[in-house]
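Enquirer: Here are the chains, one letter per residue:
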Amino acid sequence: MENVNPRAAGPIKQLIRQWQLTFMLLPMLILVILFLYVPMGFLVIAFKDYNIGKGVWDSPWVGWAHFHKIFAYPDIARLIRNSLVISLLTLVTGFIGPIFLALLFNELRRGRFKKFVQTVSYLPHFFPWTIVAGIILLFFSIDGVVNGLLESWGASKPTGFLTQHTSFIQLLVASNLWKEIGWGTIIYMAAIAGINPSLYEAAVMDGAGRWHRLWHITMPGMRPAISISLIFAAGSLMSVNFDQIYNLYNPQVYEWADVIDTYIVRAGVIGMQYSQTAAMGLFKGVIGLVLIVLANWTVRRMTDREYSVF
Amino acid sequence: MVSGDTRRSGFDYLNIVLMALLCACTIYPFLYILNISLSSPEAASQAGLHLWPQGMRFTAYRGILDDRHFLRSYVNIIAVTAIGTFLGLLVSAAAAYTLSRKRFPLRKSILFLLTVTIVFNGGLIPYYLVVRSFHLIDTWVPLWLPVMTGVFNVVILKNFFLAVPAELEESAKIDGASDFRIFAGIVVPLSKPVLATVGLWLAVQLWNDWFTPYLYINDPNKVTLPLVLRKYVVENDLTQVGSFAAAIANVTDRPIPTQIVSAVIVVSILPMLIAYPYIQRFFVSGIVLGSVKE
Numbered sequence: 001m002e003n004v005n006p007r008a009a010g011p012i013k014q015l016i017r018q019w020q021l022t023f024m025l026l027p028m029l030i031l032v033i034l035f036l037y038v039p040m041g042f043l044v045i046a047f048k049d050y051n052i053g054k055g056v057w058d059s060p061w062v063g064w065a066h067f068h069k070i071f072a073y074p075d076i077a078r079l080i081r082n083s084l085v086i087s088l089l090t091l092v093t094g095f096i097g098p099i100f101l102a103l104l105f106n107e108l109r110r111g112r113f114k115k116f117v118q119t120v121s122y123l124p125h126f127f128p129w130t131i132v133a134g135i136i137l138l139f140f141s142i143d144g145v146v147n148g149l150l151e152s153w154g155a156s157k158p159t160g161f162l163t164q165h166t167s168f169i170q171l172l173v174a175s176n177l178w179k180e181i182g183w184g185t186i187i188y189m190a191a192i193a194g195i196n197p198s199l200y201e202a203a204v205m206d207g208a209g210r211w212h213r214l215w216h217i218t219m220p221g222m223r224p225a226i227s228i229s230l231i232f233a234a235g236s237l238m239s240v241n242f243d244q245i246y247n248l249y250n251p252q253v254y255e256w257a258d259v260i261d262t263y264i265v266r267a268g269v270i271g272m273q274y275s276q277t278a279a280m281g282l283f284k285g286v287i288g289l290v291l292i293v294l295a296n297w298t299v300r301r302m303t304d305r306e307y308s309v310f
Numbered sequence: 001m002v003s004g005d006t007r008r009s010g011f012d013y014l015n016i017v018l019m020a021l022l023c024a025c026t027i028y029p030f031l032y033i034l035n036i037s038l039s040s041p042e043a044a045s046q047a048g049l050h051l052w053p054q055g056m057r058f059t060a061y062r063g064i065l066d067d068r069h070f071l072r073s074y075v076n077i078i079a080v081t082a083i084g085t086f087l088g089l090l091v092s093a094a095a096a097y098t099l100s101r102k103r104f105p106l107r108k109s110i111l112f113l114l115t116v117t118i119v120f121n122g123g124l125i126p127y128y129l130v131v132r133s134f135h136l137i138d139t140w141v142p143l144w145l146p147v148m149t150g151v152f153n154v155v156i157l158k159n160f161f162l163a164v165p166a167e168l169e170e171s172a173k174i175d176g177a178s179d180f181r182i183f184a185g186i187v188v189p190l191s192k193p194v195l196a197t198v199g200l201w202l203a204v205q206l207w208n209d210w211f212t213p214y215l216y217i218n219d220p221n222k223v224t225l226p227l228v229l230r231k232y233v234v235e236n237d238l239t240q241v242g243s244f245a246a247a248i249a250n251v252t253d254r255p256i257p258t259q260i261v262s263a264v265i266v267v268s269i270l271p272m273l274i275a276y277p278y279i280q281r282f283f284v285s286g287i288v289l290g291s292v293k294e
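Same order as they appear, the protein sequences are chains A and G. First residue of the first sequence: 1, per my numbering; consecutive thereafter. First residue of the second sequence: 1, per my numbering; consecutive thereafter.
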């Protein structure tokens, strides 16, 4: 919030004189304070024993007790491990896939086919995970499409794709790639479109083949976009795709698929352990904040302050 | 960008095959679902690729049309999306206009205050408790809050408004126009493209949001489509739609659960599929818009 300073009288008078501008800002400002800043204040329940009857203010202080409890809790290591494993696998594939695809797009001749392929590849991005998960369940459940096909090709018994840890994680990675690979190419295609065409012409004159052009012109042109997305991927290491996991997982794969966010919803909202899950959320939020700020700082330094999210 | 050579090499053909495979992988699941929903129950229960509908039936769709619960959620999501897009755009554009005026005091500090929320927030549980303490459970307000507090959208709009020539504003000022008039009469008409882009983002976000209603809406009269869709498609709870479908069809022609799930998916994604070819370019340009800093 603004501190009161010697110049404060000036701005306040200004705010009143330009009341129409002030008025236009107010709805958003009030909503942000009520629903984004007040919840930050509510985080004190992580240090209290929150009781709905008593409210935030009157609930008793317990200091770091919830954090001690969380870290003594045997499942926390599993939740952190799962979050890291899933996000690492998703980030690596989700990072490399679109780069490859963008290079392949770039090798297509301009024309209807290229436009069509690109448009189709963006499509799954627009569907929510509820629908994509519904389709996956239809295809990969025990009596689903894939098992039906396997059976008609002679498989003796159905495979539990959704109930075995390894195949479940593979499904998470693959479905994320299926949904987002096309969409991820956009920033790279924009970077490629920014490359000066005369570079390619000169290279052709010098007798450079396709691979030389790709390696010496296209790739260097994409490099800033690549490094930026790599760093932001590293910055989002703590955040998994909640929508995807929550709509796909089942108790049989909790061992490897239950992550901090899904646990918070189950234990917090549904199980009503508000204080403990708020503490867990705070722990995760602080680590996420540090990672994102570091990532942003790195990108700013690397690109001479040209790019940054904030 | 193969401007030099005109002959197609082996790689070009391989690439075309790969791209065709990519399209097939993307389109096939949707095609499969459409075909299953339109097939006869016997054909739908057969394993196979189902590349076209076998035995054309619309019973699954008739079942859905008789499902008041589903129809209600469909009407609700249209209302929620329409109202939410309008509110979100109004609140964000108004704030963005103020923040784009250099003569407005405190604009830097307020912008900072807003930007902080992109990197840090209270997290799910405190937010949930705040929404509950305002008695907003079982109302549509929590569905609209994210679009009205989207700081990223405000930054995009603000950057666009900054580009509106200052001379236009000054001459309007000389004519005695107020800020309201300048905003409504000059800035908004000049910013139609960016407003359309942000509006579409908001609309898609609202249309697809399942988690907010999952947390805050229990009233069957207020549920929205993504929540009902989740119940039918993810939780496989077909008690409501299934009973109607069964009642309407004769015994031999009762659609199987897979068909009902498929039909529910088809009906839910239809508006998006129809709008997609027209709106996708707004999103593509939006990505580029978002990555350019002021």
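These aren't lab readings, by the way, just hints derived from the structure by calculation. Don't take every hint at face value.
One side of the interface only, derived from the structure: several residues of chain G facing chain A at Cβ under 8 Å [claimed, not checked]:
{"hint": "1", "residue": "Cys23"}
{"hint": "2", "residue": "Leu71"}
{"hint": "3", "residue": "Arg72"}
{"hint": "4", "residue": "Val91"}
{"hint": "5", "residue": "Ala94"}
{"hint": "6", "residue": "Leu114"}
{"hint": "7", "residue": "Leu145"}
{"hint": "8", "residue": "Lys192"}
{"hint": "9", "residue": "Val267"}
{"hint": "10", "residue": "Ile269"}
{"hint": "11", "residue": "Gln280"}
A short list of chain G residues far from chain A (calculated; beta carbon distances all over 12 Å) [claimed, not checked]:
{"hint": "12", "residue": "Gly55"}
{"hint": "13", "residue": "Ala82"}
{"hint": "14", "residue": "Ala166"}
{"hint": "15", "residue": "Asp209"}
{"hint": "16", "residue": "Asn221"}
Every value quoted in this text rests on a predicted model; they were computed, and no experiment measured them. Yeah, the Cβ is synthetic: ideal placement off N, Cα and C, and Gly gets one too.
Enquirer: All hints, please: hold or fail.
Expert: Now the hints, each set against the structure:
| no. | hint | verdict |
| --- | --- | --- |
| 1 | Cys23 | 5 Å, holds |
| 2 | Leu71 | 18 Å, violated |
| 3 | Arg72 | 18 Å, violated |
| 4 | Val91 | 5 Å, holds |
| 5 | Ala94 | 4 Å, holds |
| 6 | Leu114 | 6 Å, holds |
| 7 | Leu145 | 5 Å, holds |
| 8 | Lys192 | 19 Å, violated |
| 9 | Val267 | 11 Å, violated |
| 10 | Ile269 | 6 Å, holds |
| 11 | Gln280 | 6 Å, holds |
| 12 | Gly55 | 18 Å, holds |
| 13 | Ala82 | 18 Å, holds |
| 14 | Ala166 | 15 Å, holds |
| 15 | Asp209 | 8 Å, violated |
| 16 | Asn221 | 21 Å, holds |
Hints 2, 3, 8, 9 and 15, counting from the list given before, are not met by this structure.
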